[in-house]
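K.L.:
Listed here are the chains, written in short residue letters.
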Amino acid sequence: MRGNKSRWLNVLYFIMCVSCLAYFSTRLVFAGDPSGTVNYGADGSIERLGYSINFTWTLVAAFLIFTMQAGFAMLGGFLQAKNMLGYIAHCFIDGTLGAIVFWVVGFALMFGGSNAAPGLEKGNAFIGFSGFFLSSGSYDVETVMIWLFQMVFATKAVTIIAGAVAERMKFVPYLIYSTCVCGVIYPIYGHWIWGGGWLSSLPYGAGCVDFSGASVIHTVGGMLALTGAWFLGPRMNKFNPDGSSNAIPGHNINLVVLGTLFLAFGWFAFNAGSTLGATDLRISVIAANTFLGGAAGASIIIFASYIIFGYADIGLSCNGALAGLVGVTGACAYIPPWAAIAIGVLSGLIMWGTVIFVERKLKVDDPLGAVAVHGANGIWGMIAVGIFADGTYGGIRGCITGSMEQLKAQLIGALVAMAWGLCTGALLFWLLKITIGLRVSELVEYEGVDIHLHGSPCYPAQAELTSQLDTTEEE
Amino acid sequence: MRGNKSRWLNVLYFIMCVSCLAYFSTRLVFAGDPSGTVNYGADGSIERLGYSINFTWTLVAAFLIFTMQAGFAMLGGFLQAKNMLGYIAHCFIDGTLGAIVFWVVGFALMFGGSNAAPGLEKGNAFIGFSGFFLSSGSYDVETVMIWLFQMVFATKAVTIIAGAVAERMKFVPYLIYSTCVCGVIYPIYGHWIWGGGWLSSLPYGAGCVDFSGASVIHTVGGMLALTGAWFLGPRMNKFNPDGSSNAIPGHNINLVVLGTLFLAFGWFAFNAGSTLGATDLRISVIAANTFLGGAAGASIIIFASYIIFGYADIGLSCNGALAGLVGVTGACAYIPPWAAIAIGVLSGLIMWGTVIFVERKLKVDDPLGAVAVHGANGIWGMIAVGIFADGTYGGIRGCITGSMEQLKAQLIGALVAMAWGLCTGALLFWLLKITIGLRVSELVEYEGVDIHLHGSPCYPAQAELTSQLDTTEEE
Amino acid sequence: MRGNKSRWLNVLYFIMCVSCLAYFSTRLVFAGDPSGTVNYGADGSIERLGYSINFTWTLVAAFLIFTMQAGFAMLGGFLQAKNMLGYIAHCFIDGTLGAIVFWVVGFALMFGGSNAAPGLEKGNAFIGFSGFFLSSGSYDVETVMIWLFQMVFATKAVTIIAGAVAERMKFVPYLIYSTCVCGVIYPIYGHWIWGGGWLSSLPYGAGCVDFSGASVIHTVGGMLALTGAWFLGPRMNKFNPDGSSNAIPGHNINLVVLGTLFLAFGWFAFNAGSTLGATDLRISVIAANTFLGGAAGASIIIFASYIIFGYADIGLSCNGALAGLVGVTGACAYIPPWAAIAIGVLSGLIMWGTVIFVERKLKVDDPLGAVAVHGANGIWGMIAVGIFADGTYGGIRGCITGSMEQLKAQLIGALVAMAWGLCTGALLFWLLKITIGLRVSELVEYEGVDIHLHGSPCYPAQAELTSQLDTTEEE
Amino acid sequence: MKKIEAIIRPEKFDITKDAIEDQGYGGMSVSEIKGHGNQKGVSEIWRGKRYRVDLMPKIKIEIVVSDDAVEQVVQTIIATSQTGSIGDGKIFVSDISNAYRIRTGEQDDAAI
Amino acid sequence: MKKIEAIIRPEKFDITKDAIEDQGYGGMSVSEIKGHGNQKGVSEIWRGKRYRVDLMPKIKIEIVVSDDAVEQVVQTIIATSQTGSIGDGKIFVSDISNAYRIRTGEQDDAAI
Amino acid sequence: MKKIEAIIRPEKFDITKDAIEDQGYGGMSVSEIKGHGNQKGVSEIWRGKRYRVDLMPKIKIEIVVSDDAVEQVVQTIIATSQTGSIGDGKIFVSDISNAYRIRTGEQDDAAI
Ligand SMILES: Nc1ncnc2c1ncn2[C@@H]1O[C@H](COP(=O)(O)OP(=O)(O)O)[C@@H](O)[C@H]1O
Ligand SMILES: Nc1ncnc2c1ncn2[C@@H]1O[C@H](COP(=O)(O)OP(=O)(O)O)[C@@H](O)[C@H]1O
Ligand SMILES: Nc1ncnc2c1ncn2[C@@H]1O[C@H](COP(=O)(O)OP(=O)(O)O)[C@@H](O)[C@H]1O
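Protein chains in written order, with this note's numbering: chain A, 1 to 475; chain B, 1 to 475; chain C, 1 to 475; chain D, 1 to 112; chain E, 1 to 112; chain F, 1 to 112.
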């Protein structure tokens, strides 16, 4: 009964995927001349050795970034135990199904035409269209390497939204939404900035610059999260009839702290890896700035919450750390360490302000603070490039060097990201809402999505009592 | 009273170990000319630089693979809380004691005669016999590096079995079994494939090829797991008198998802590191294939379980991801991405089929699904090489290029692995069963192995009530 | 009411920090000629390529070491659930605020005058004084890289002490203590050994040698932990009036095992990274020795506890693993594998002995065993260099080569570390005790520091009952 | 004095509690239990296998009131926590021979 | 009507529950408690130190039945959950003055 | 026989239990409950937001004793667990019509 309609939609969706895969696969088997093998060890030129160092660096960075998926899953400690499985299922699906979607279509839309690697020749300033399925020309070690690095980025962007729609979203709409974001929405904006698109060639400063995703990942992700949470509506009991809101405590702050630490760990590679090369020694400054930004964001919240509440609020401070990390993501390569700290401190405060703003003014319920952490700080991160870049790297010069040009480019980039995220998000969630519906029934929400959508509580009871439960097999 | 006999066996076992170590150690102190120092930084040749890049790559890969030990421990979320400590104790011991055993004897049996590094000269097609204790000739930076890389592989192989015998095995037999697998059973088969043994020089195709352990680790491990679970018998209440079986829910699915993510993380390094070199740029294709295989395995189970049950079963989907990862382990270097997806999808389905087969037909109780995930998919992974290898790497050509030769070599390799695993496993567990016994008493099983074998529950009660418990010191 | 005084102290402390930062920041903005950009990819010399390999190695090592912060946090499974948040808050703050403190002052005191990188010119044999804020001259990719690597070391050292003072310390004194250790106490001793200070040029053997921190991190940290635990006094109910002590079980041994595994993972990078270069191929021996030491420490405790208690005590065995890792930290580069095992076995036993000694003789309550694991084994690790170094690396020759010189230098280093740790620790904790007080009130201790200092339990109740709790917003 | 033990659905606890408090009976003790009456249980899945859970979580509220208040409290509980489907729960009433308030040592009705 | 409170070993809960149900008394409420009677507790170790746990986990079953069924239920429980060693538990029987079924509002014996 | 149900502060459980045992009443059953009497609850914060928790954790001790021991046990509990501030708890006494020791099948006072 429950979810029967969605079940068939799922079947449909699944058959569609499979047949589309099958069609292409057959074509691929017979694709000519796969060029997937290069070994630079045998041949001794310095260029090739330098190339393989950079190659390895990017690959290792991709591996390390992957641990962020675990970090995101751990943030679920902020949620109620009865919905935990639903949230980590979303994270898990974003990371697995998302990889396949990005392989099929996302990568081609994003990097086609960028000429970043073999097989990515076709594309224009608005969209790319080569590299689908990593087939024929793009079945090359370099292209595959870049795909892997970009894939872990893309799946992170999708996962941001999982936190905002947690505890109340239906399963099939989430699948569809996740596919669309990873396959279309994220890659198109990404193309504009990183794939050789129009934003990167704005006539101000060095064009719109986003070192490792302040706008591409965080602003777009945060805006999608906002629309998602908006269309879904608040969780049961979140807002009182008089408009005031209630705290809905999570179940495991320890897990949140660990998740934040693993995210910070991945973030090192996330930012430093974005040079795509280890011979670019700026990586040390990038890594140090990344961490200082996060540390500053965390520290300011510790102090602020202690002064305001008399308690050092660790959960909020974890959000502060993430806010700081998001805040320096765009600028980390272009700034000196002291600027990273300044950005981090402001990020922490912006995060807290936005949490209050979203809840009190917008009346939107964002359980994990995705809008505050990623959305608001993504925008701030873009602006920060225009302010703090000191001109020592890549020639990017912000206000502190006396030039306002770069700031203009950054503001345009940030505004376009906001507009893109809000518009596509609104369209997508509105379509889903009027067709199959977004939200689980009240009963499901009351009893938790875990047992209703995933068939089992996340933490099946194991006390003396229930381990004795008479369990009988059926069908 | 309880376990007094085993205690003395343990003492005996311990004294044996110590005296054997002491004997060799004294010899080692006086071993001549340790050659353990090389620094390639000072001398500037390109070959040496290339060498140190590859050296570092393999070492870093070994570090990352080590996190899989934590991943395996987390899979214990599938078990009942009362036996959790018993399982993670096994994982922990496999990783620590196993390293020592592999240092003493396993490495020498596996790589002696391979000439892969200094000090590994002696050995024949069936067994190696040099490199014990990494002493004299094998105390060399290169040999030690390979040892470290192989050690993390070996300890993973042993840990596979821990999942199948969980919740009911005695402690001392586990110690003995773990020592034997890590010291003898695994290395000997490994020698045949990787140590220059007879399987690698079969006269079909390129000889039996196993890129990073589909047969060596997963098939052998899975078969040992099957014999172990068979000889131990099912857990209490698993099967009803009428032959039907019951579900025994675990205690923490969140932990399982995290474990799967950490395993996937380690798997990147596991497979890509197996090139033993970063100048071999195929590493990017390997890493991408690895992940796509896992992603496909996870996704197919999400869809299938949703269609069949109306629930997206996340626990099973984690198993699907692992199945996909195991499935591509053998072939990851030789195939294009689309083939990795095909292999992953089939792996997921094979896993589910095997879970049902093992439980319904064999009536064997395998709590973590080690047989289905590792055993069945290890075999499938070997066969997949023979089917999907596209000839772009190492000259390995599978059926899709029109040649059946490689498939023959792979089938022989897989069959030998099965036979080896089943025979040695049966012998070992049978010997243990008739001598000291394999299984804990019924009372211990009822109350959980944690308090009986390890003296403490894994999660000592901490609610308001029990933190007030009057605890008094004794002896 | 509660903590109002501390709150204002905190405000004061905060204002002080901010104004000091602001003062310097303004100076920094106008600092001339930042030299923070170098790209060795474009220029093809072998030296530069070799340099960038080593650069990358150290940076990646720093990333991996960072996961130890998560590992330390997980050790909190040894504590009571009601104080878990307090402990992980300490770990989290050590890692974030500590980074900022080390950036402001610690790094300059430690490496000023070492000339290890640009901008570190000023300093003498006792203290360094250049490199504050990584500003002007020290805003260089190499200096920043070394800062990052040393920063993760420093924050680990501070975190050691968190375990000894857990479950009963006030928040503001912890902040102050953490700042002092990270900013002054640790860097000064570190300068003596690693920053070109007097201990490294002792006239015995090769001077006092500490490969990756047996004395700098572990001995000093362990001694500070001892003084901290001493001045705080034991936890409520720890000791009975008759002097006997009670066990206070923790809440999650699984978490402890995972933490130990993540610490071991980080330790690979911790020790092998200390070469600061991957072209120094000794890294493989270092990594292997590191792990063998830990494995030996864990195994010996498994056997010993099984023989003594009839139980394999996994919690204690995790401590054994850490003890082994600490024990080989000083010597890992200079010894052959068999010596690592010998050191590890002894470390495990020393750890257990010290646990008993600290509790029974000193009557000090050290909840996580920081003194036993880090303090005692740090000292043993220093001595081990003098005993087991075999002369194959760096020319360090211990007793087994027949020379007693090195042992003298090591003993001096260890004694100085003890004296420094005990004296500064006693001074610091005594000052804190007589001014703002160290210890929470009895009520807070009874009900747990989590709800009193951090405003929330670490695991907010989530059973069916409490998720229904009527939660109403206030203020 | 009587003790009223009401076993109700967890999802009804909130409004039931509020309703009781609105009538001025502040004191209550609440605990989690599992149980079944005529209820059949629900099915869950574990790694691809369906199984039946036949004890359902419930909330037990215990309120001690003076004899004349019993009826009112019982009717309030029935009114607020009834859904009309199986699993709604039971209320049991029993005698209490004495009550004490620990804080003051008061006895009997004064103590409730 | 009487309430039967049986405090039994957790490991006997399964068969006791089945035995009671076989006799047709479906309704019951179950909770976890800790307790001790003449039982001495067990020893556990914590990081190399032995300590004593003196409250043992037990299961409390509460069943309300009509007066004439009491003896049968009590004997069933004793028969199924007796092991003969210390720690087997206790059964207490007390009066219930009234019972209500929330779903229908029925009272007394009809409600059980 | 009477059943004494004492609802006390968790932090007083330890000494209360010891005091009762010192007087020779070994058997007891203990469980965790939540409740409120005249107590107002405490405030916690969740990610920068204060909220009120109005059911406080308590420990419920159930002891069945023979009629003449009731007063002594009740007074012991009051003496040891009184702090004088709100939240100290309540004690309820009720009749038990029969008791059985499962191990031996003994009945009535012999079974306690
Ligand atoms: N006879 C009984 N004795 C004790 N508890 C009971 C009894 N009958 C029912 N309960 C409790 O009441 C809960 C609800 O029972 P329910 O299935 O709603 O009864 P009904 O179907 O008769 O309305 C059960 O889960 C159980 O905890
Ligand atoms: N007088 C009592 N009042 C309340 N509960 C009791 C009493 N005596 C025993 N119990 C409960 O019964 C359980 C089992 O007691 P047990 O040790 O088996 O008693 P005995 O040794 O007298 O058979 C205890 O754990 C406790 O929960
Ligand atoms: N009338 C009652 N019925 C059931 N339990 C009660 C009642 N009154 C109080 N309690 C229980 O006693 C506990 C302590 O109450 P408390 O606030 O100390 O009462 P008082 O302020 O009257 O002394 C409460 O948490 C609740 O569990």
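Please note that the accuracy of each hint is not assured.
Below 20 Å or equal to it, Euclidean Cα-Cα: the simulated SDA-like pairs (lysine to any residue) are [claimed, not checked]:
| no. | chain 1 | residue 1 | chain 2 | residue 2 |
| --- | --- | --- | --- | --- |
| 1 | F | LYS34 | D | ASP54 |
| 2 | F | LYS34 | D | GLU21 |
| 3 | A | LYS238 | D | GLY105 |
| 4 | C | LYS408 | C | ILE387 |
| 5 | D | LYS34 | A | GLU447 |
| 6 | E | LYS12 | B | LEU443 |
| 7 | C | LYS238 | F | GLU106 |
| 8 | A | LYS433 | A | ARG235 |
| 9 | C | LYS363 | E | ARG50 |
Keep in mind that the hints were calculated from the coordinates and are not lab data.
K.L.:
It remains to establish, for every hint, whether it holds in the given structure.
P.N.:
Hint by hint, here is what the structure shows:
1. F:LYS34 - D:ASP54: violated (25 Å)
2. F:LYS34 - D:GLU21: Holds. LYS34 of chain F to GLU21 of chain D sits at ~15 Å (cutoff 20 Å).
3. A:LYS238 - D:GLY105: violated (41 Å)
4. C:LYS408 - C:ILE387: holds (10 Å)
5. D:LYS34 - A:GLU447: OK: LYS34 of chain D and GLU447 of chain A at ~15 Å, within 20 Å.
6. E:LYS12 - B:LEU443: Measuring from Cα to Cα gives roughly 12 Å; hence the hint holds.
7. C:LYS238 - F:GLU106: violated (41 Å)
8. A:LYS433 - A:ARG235: holds (16 Å)
9. C:LYS363 - E:ARG50: holds (18 Å)
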